[in-house]
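Protein chains: 2
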Amino acid sequence: MEELVGLREGSPGSPVALHELWGRCPHIRRGIRGGLEWLRQRLFHMGEDWCFLMALGVLMALISYAMNFAVARVVQAHNWLYQEIGDSHLLHYLSWTVYPVALVSFSSGFSQSITPFSGGSGIPELKTILSGVVLEDYLDIKNFGAKVVGLCCTLASGSTIFLGKVGPFVHLSAMIAAYLGRVRTRTIGEPENKSKQNEMLVAGAAVGVATVFAAPFSGVLFSIEVMSSHFSVWDYWRGFFAATCGAFMFRLLSVFSSEEETITVLFRTSFPVEVPFDLPEIFFFVVLGGICGIMSCAYLFCQRTFLGYLKTNRFTSKLLATSKPLYSALAALVLASITYPPGVGRFIASRLSMGQHLDSLFDNNSWALATWNSSPPWPKELDPENLWLEWYQPEFTIFGTLAFFLLMKFWMLILATTIPIPAGYFLPIFIYGAAIGRLLGEALSVTFPEGIVAGGVVNPIMPGSYALAGAAAFSGAVTHTISTALLAFELTGQIVHGLPVLMCVLAANAIAQSCQPSFYDGTIIVKKLPYLPWIRGRRIGSHPVNVGHFMNSTITTLAKDAPLEKVVKVVTSTDVTEYPLVESTESQILVGTVCRAQLVQALLAGPPSWAQGQQRLLQDLLSEGCPTTPVTLQLTPDTTLHQAHNLFELLNLQSLFVTSRGRAVGFVSWVELKKAISSLTNPSAPK
Amino acid sequence: MEELVGLREGSPGSPVALHELWGRCPHIRRGIRGGLEWLRQRLFHMGEDWCFLMALGVLMALISYAMNFAVARVVQAHNWLYQEIGDSHLLHYLSWTVYPVALVSFSSGFSQSITPFSGGSGIPELKTILSGVVLEDYLDIKNFGAKVVGLCCTLASGSTIFLGKVGPFVHLSAMIAAYLGRVRTRTIGEPENKSKQNEMLVAGAAVGVATVFAAPFSGVLFSIEVMSSHFSVWDYWRGFFAATCGAFMFRLLSVFSSEEETITVLFRTSFPVEVPFDLPEIFFFVVLGGICGIMSCAYLFCQRTFLGYLKTNRFTSKLLATSKPLYSALAALVLASITYPPGVGRFIASRLSMGQHLDSLFDNNSWALATWNSSPPWPKELDPENLWLEWYQPEFTIFGTLAFFLLMKFWMLILATTIPIPAGYFLPIFIYGAAIGRLLGEALSVTFPEGIVAGGVVNPIMPGSYALAGAAAFSGAVTHTISTALLAFELTGQIVHGLPVLMCVLAANAIAQSCQPSFYDGTIIVKKLPYLPWIRGRRIGSHPVNVGHFMNSTITTLAKDAPLEKVVKVVTSTDVTEYPLVESTESQILVGTVCRAQLVQALLAGPPSWAQGQQRLLQDLLSEGCPTTPVTLQLTPDTTLHQAHNLFELLNLQSLFVTSRGRAVGFVSWVELKKAISSLTNPSAPK
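Residue numbers (full-length UniProt numbering), protein chains in the order written: chain U, 1 to 687; chain Z, 1 to 687.
I should point out that these hints are in silico values taken from the structure, not numbers from a laboratory.
Just so you know, not all the hints are guaranteed correct.
As the list claims (entries may be wrong) - Covered stretches of chain U (chain Z as the covering partner; in silico rule of three or more C-beta atoms under 8 Å from a C-beta of chain Z):
1. 142-155
2. 583-597
3. 647-656
Said to hold, decoys possible - What follows is a list of derived Cβ distance ranges for each label pair:
4. Z/Arg182 <-> U/Ser553: 33 to 41 Å
5. Z/Asn652 <-> U/Glu385: 41 to 49 Å
6. U/Lys194 <-> Z/Thr554: 30 to 38 Å
7. Z/Asn652 <-> U/Asp137: 54 to 62 Å
8. U/Arg186 <-> Z/Thr312: 47 to 55 Å
9. U/Ser270 <-> Z/Pro460: 55 to 63 Å
10. U/Thr185 <-> Z/Asn652: 57 to 65 Å
11. Z/Glu259 <-> U/Pro376: 56 to 64 Å
12. U/Asp561 <-> Z/Pro530: 27 to 35 Å
13. Z/Glu259 <-> U/Lys528: 51 to 59 Å
14. Z/Arg182 <-> U/Ile294: 32 to 40 Å
15. Z/Val134 <-> U/Arg29: 48 to 56 Å
16. Z/Ser353 <-> U/Pro460: 52 to 60 Å
Note that beta-carbon positions come from the ideal geometry of N, C-alpha and C, so glycine has one too.
With the hints as extra help, turn the sequences into a complete structure.
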């Protein structure tokens with residue numbers, strides 16, 4: 001028997017040889033086979049799960065790389081066209097503006113015609129989905145094409161429109177994760193499992209960020225901070241695995257295509273390691289955090305207000321409802337006209353691509369000191385070696401250009417976010433923050449031209465480090481995250497400014513979080529998506545609010561002993577998706593729930609015994625096959641608000657019934673929880 | 001009125017001037033005052049909470065720095081003694097060994113005499129506390145002194161004993177956090193709040209790690225990964241704030257004491273940024289991860305087995321129970337004798353301190369290539385410029401020394417972890433991993449002496465990067481964490497090896513997590529502390545287990561209409577802390593719980609009406625003042641295992657009652673959950 005197994009398992013060509021080789025020591029053979037089997041079981045216990053995560057990472061990396069490749073070619077073609085078109089200002093202007101206008105209106109028209117969900121970043125919607133709300137079709141794979149094509153067009157319009165790709169990539173990644181999850185369920189033959197799906201979506205969000213920035217650590221942390229308020233370490237590990245696969249593949253492709261020698265970071269900096277900054281500079285870093293925090297509040301407020309204005313204004317709301325491509329084209333025309341380089345554009349460094357913006361802003365050297373005595377002319381063409389010259393205008397100085405950039409981009413960014421195209425809003429914010437930091441850094445380097453004297457060696461102040469801190473702080477404040485600090489390090493490959501950048505981000509977040517909802521929460525509010533506010537700080541401790549205080553006690557129960565006529569009346573007069581089923585009209589003891597749709601079906605398919613005049617009760621209907629769902633969780637009127645909130649958040653619930661001594665006395669859904677929380681925050685609000 | 005307010009609020013010296021200055025424009029004044037008030041409310045809404053977090057960070061930083069300072073002085077004294085004592089081998093040997101033996105036995109005796117909780121790292125116990133178990137007195141501030149003094153002695157014995165300070169610092173930090181939490185509750189006059197206390201403890205754990213390594217990011221992430229299976233983003237932010245304060249203060253002190261020019265990282269590396277590694281090296285990094293994973297399994301297995309052996313062996317268990325200092329002294333003597341430099345110690349680089357171990361192992365250059373043709377002699381005294389020479393023995397080569405180091409430290413580390421002193425086990429593991437990586441790196445640098453040819457430039461292989469990856473991977477595998485990768489970057493200030501190190505850590509974790517419980521979980525198991533196992537992977541999906549399947553249905557209920565005699569009988573015959581209170585013996589509808597202690601008190605203080613022969617019922621007793629607690633959460637037999645597990649983990653519960661249609665039918669506690677989970681893992685286990 002042992003030999004037969006050996007024969008069957010050997011490769012077809014060499015059964016005898018193998019047999020001869022191994023046949024003499026069956027003990028060792030069995031031992032080895034057992035050991036291998038044990039190892040296989042141990043290692044691949046949840047093997048196929050990891051395979052799907054790896055597939056997710058690799059797929060997204062391929063898409064990200066392919067998209068970068070295609071976009072780079074289109075941008076290159078545009079640049080060539082712009083340079084070769086001759087000396088006529090009109091032709092130049094047309095070649096500069098027509099391109100993005102056409103791309104953006106196509107992006108808007110194409111993606112909106114396929115699916116209305118494809119506009120915007122997608123992170124707010126994903127956040128809503130992860131908190132348990134079902135947004136029909138939002139993660140359907142058929143939206144994929146619309147989003148990819150639309151995003152390509154958006155990115156191809158380059159720094160004119162000034163939008164990024166993080167948000168849509170999170171959405172794309174979530175679509176693929178949902179699709180892979182369905183494939184997985186089908187291949188394994190497992191029943192649909194909501195928590196499993198959510199696990200895949202969380203990993204998808206991490207992969208989305210990681211494959212854009214090749215930054216697995218901050219990808220995972222950023223997606224966690226943005227998406228959820230609670231998370232499990234298990235999801236975090238899965239996210240790491242998927243994000244690492246994605247980031248590795250993404251960078252590997254750029255090595256294979258000979259863009260890079262080896263796997264490196266995206267925006268390499270070379271700050272000195274010995275004395276990167278002097279101690280007093282910490283103070284300026286914190287000040288920078290404060291400035292970024294205040295600016296982010298202003299930005300968030302204006303952005304939300306403008307979005308609201310567009311929705312209420314008669315003209316724009318009509319335009320946005322009926323002809324989105326026209327609105328997009330108009331907005332793109334405005335943006336492209338302003339960025340036209342020989343015009344206003346030269347004062348806002350508009351010839352730089354978004355990557356070059358970051359590359360130049362993270363520059364070690366002080367531009368203000370470099371242009372102190374000499375004033376290099378504005379180069380006719382972009383000089384890849386001296387990108388920073390784009391930021392210098394002899395009549396304006398560095399400070400003028402940077403300040404003008406901040407001023408103009410403030411409203412241009414807000415305008416760009418209203419265009420209904422697939423686009424990410426993180427990278428522009430990151431660059432904007434870098435410009436804020438750069439401005440402060442340059443000011444400091446002029447104020448202290450001597451730099452830092454440490455140990456007899458003079459170390460000049462590096463405005464690049466302030467740009468780094470500003471980018472992390474502003475983007476962190478706008479999105480209410482701290483992991484942007486880590487992102488800044490992962491993007492640049494250096495972590496020498498660890499503490500100052502972190503303190504800067506914390507200061508910015510302290511201001512932004514206490515004054516404004518985050519960018520994504522703001523979008524959720526404007527789009528009127530369902531969401532559950534946080535309970536923060538000690539308020540909860542000082543107000544012991546119980547479910548009994550805020551539950552909705554007007555519930556319609558169906559008693560098992562109710563006559564069918566009454567059931568029909570209840571079903572026709574109310575409009576909820578499920579009814580609580582109680583033991584009897586008198587006792588009101590909760591025994592389960594009945595789905596409205598199934599109940600209606602069962603009522604319509606009433607059996608022949610229906611007409612016999614004999615009074616039929618609901619329990620007869622149930623015993624004939626109308627399915628009921630058991631109650632798995634229930635609240636009591638004494639459950640605290642905190643506990644209920646935790647339950648809803650962690651288990652992604654929609655509503656729960658409240659029972660008191662077994663009797664169904666009410667229910668709690670998001671609506672009630674939200675009201676209760678807001679009345680905690682403003683004690684004067686109506687309870 | 002407006003003016004009066006102005007007068008009252010102005011500073012005493014200048015009321016008139018202020019009044020004159022501001023009096024003319026009451027509107028602006030009111031506006032400014034309103035704005036300031038609004039800002040104050042916004043910013044300091046939870047102000048005192050943040051103050052306590054900051055205090056926690058700063059205090060721990062002070063303690064950490066002071067301890068480092070004191071330990072450095074003691075170690076210096078020892079080194080001086082060892083060098084100056086003359087040429088006699090015996091004197092040398094005695095001066096080398098007596099010092100650590102005395103310190104360790106004092107550490108063990110002193111700390112154990114004050115409190116038995118002070119031994120070990122403290123992380124396993126804190127993990128248990130954070131999951132909701134109350135370990136009496138474990139976080140009492142009176143343990144503080146014992147732990148601090150004991151830890152100082154442990155650290156002062158230096159690399160002889162080879163133990164670190166992370167674990168005890170987490171424990172110390174948690175003690176201070178708990179103390180500050182109590183102070184806070186008292187000053188604010190808020191009722192005790194368990195979730196608030198836990199928030200402080202989580203922040204404390206993060207501060208503990210952050211103040212040892214000056215690494216806020218990995219401090220927060222490491223403490224999260226080690227401590228809990230779920231966590232809230234809110235706790236994560238608080239942790240960041242506290243950890244940043246701690247790390248900043250810790251580094252600030254070393255600047256103030258002129259140790260450093262400015263705030264920098266602890267173990268600075270200077271890997272080249274351009275081409276840090278070649279693509280094929282990724283393969284070796286993953287192989288290194290595999291090796292570290294396998295080694296960590298061996299280490300964890302041997303460590304647990306040896307600990308178990310010590311507890312069961314008659315001689316050692318008696319020794320450990322009665323005379324801990326003697327056991328500690330014996331173990332220290334063994335360790336010190338082996339590390340005696342002129343003896344075996346020269347082959348395991350025992351003259352280096354633990355920090356120097358890391359510093360030397362992270363060295364850029366290849367030692368094997370440097371000693372290929374020349375063979376520098378073993379220096380008589382430690383050369384601070386060329387620490388790596390300690391690793392070279394002419395007759396042994398670099399490989400021999402590194403391999404011998406790994407071999408010896410394997411059992412020496414296991415022996416050291418059994419000594420009952422306050423000590424951390426993370427840093428030794430980190431160094432051990434670095435040595436593994438260094439060995440592989442040196443082998444590679446010899447195998448490929450040409451290095452990496454990229455773009456015509458030859459970049460030699462850097463064994464230091466393998467040491468970095470090995471340290472992260474081995475410590476990550478032993479503790480089952482991924483954030484050790486981030487710790488490696490934060491310690492060195494460079495993140496150029498981001499992806500390879502992360503892949504190395506993931507590979508090591510994949511092996512370790514599927515074969516062995518983590519170091520801390522292993523300690524929890526050996527110490528028989530209560531814990532709740534994880535539910536992993538898809539097992540949960542394929543086995544729809546409900547609470548009804550595994551709940552404990554033998555509960556003793558107290559009915560409101562039960563006669564007191566029966567109640568007395570129940571109370572005397574059972575021994576639970578609380579009884580479920582039901583409406584009546586017949587209906588068994590759960591209405592609340594009664595605490596045993598309070599019930600006994602009420603029964604003993606029976607009122608005079610007791611003796612009148614009239615049958616008194618439990619409800620009479622309750623109405624006379626015996627307090628009952630309402631049920632805030634309850635399970636139903638249809639609740640899934642997954643939901644129940646989540647509830648227990650997130651809300652830190654101990655046990656819950658199960659009701660079916662309002663009737664109390666059972667209860668679920670950790671014991672039942674643990675059994676149910678283990679029967680999932682081994683379907684053959686008894687249910």
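Each hint, compared with the structure:
no.	hint	result
1	142-155	violated (count 0)
2	583-597	holds (count 4)
3	647-656	holds (count 3)
4	Z/Arg182 <-> U/Ser553: 33 to 41 Å	holds, 39 Å
5	Z/Asn652 <-> U/Glu385: 41 to 49 Å	violated, 59 Å
6	U/Lys194 <-> Z/Thr554: 30 to 38 Å	holds, 33 Å
7	Z/Asn652 <-> U/Asp137: 54 to 62 Å	violated, 39 Å
8	U/Arg186 <-> Z/Thr312: 47 to 55 Å	holds, 51 Å
9	U/Ser270 <-> Z/Pro460: 55 to 63 Å	violated, 20 Å
10	U/Thr185 <-> Z/Asn652: 57 to 65 Å	violated, 33 Å
11	Z/Glu259 <-> U/Pro376: 56 to 64 Å	violated, 43 Å
12	U/Asp561 <-> Z/Pro530: 27 to 35 Å	violated, 46 Å
13	Z/Glu259 <-> U/Lys528: 51 to 59 Å	holds, 57 Å
14	Z/Arg182 <-> U/Ile294: 32 to 40 Å	holds, 36 Å
15	Z/Val134 <-> U/Arg29: 48 to 56 Å	holds, 54 Å
16	Z/Ser353 <-> U/Pro460: 52 to 60 Å	violated, 35 Å
Hints 1, 5, 7, 9, 10, 11, 12 and 16 from the earlier list are contradicted by this structure; the remaining hints agree with it.
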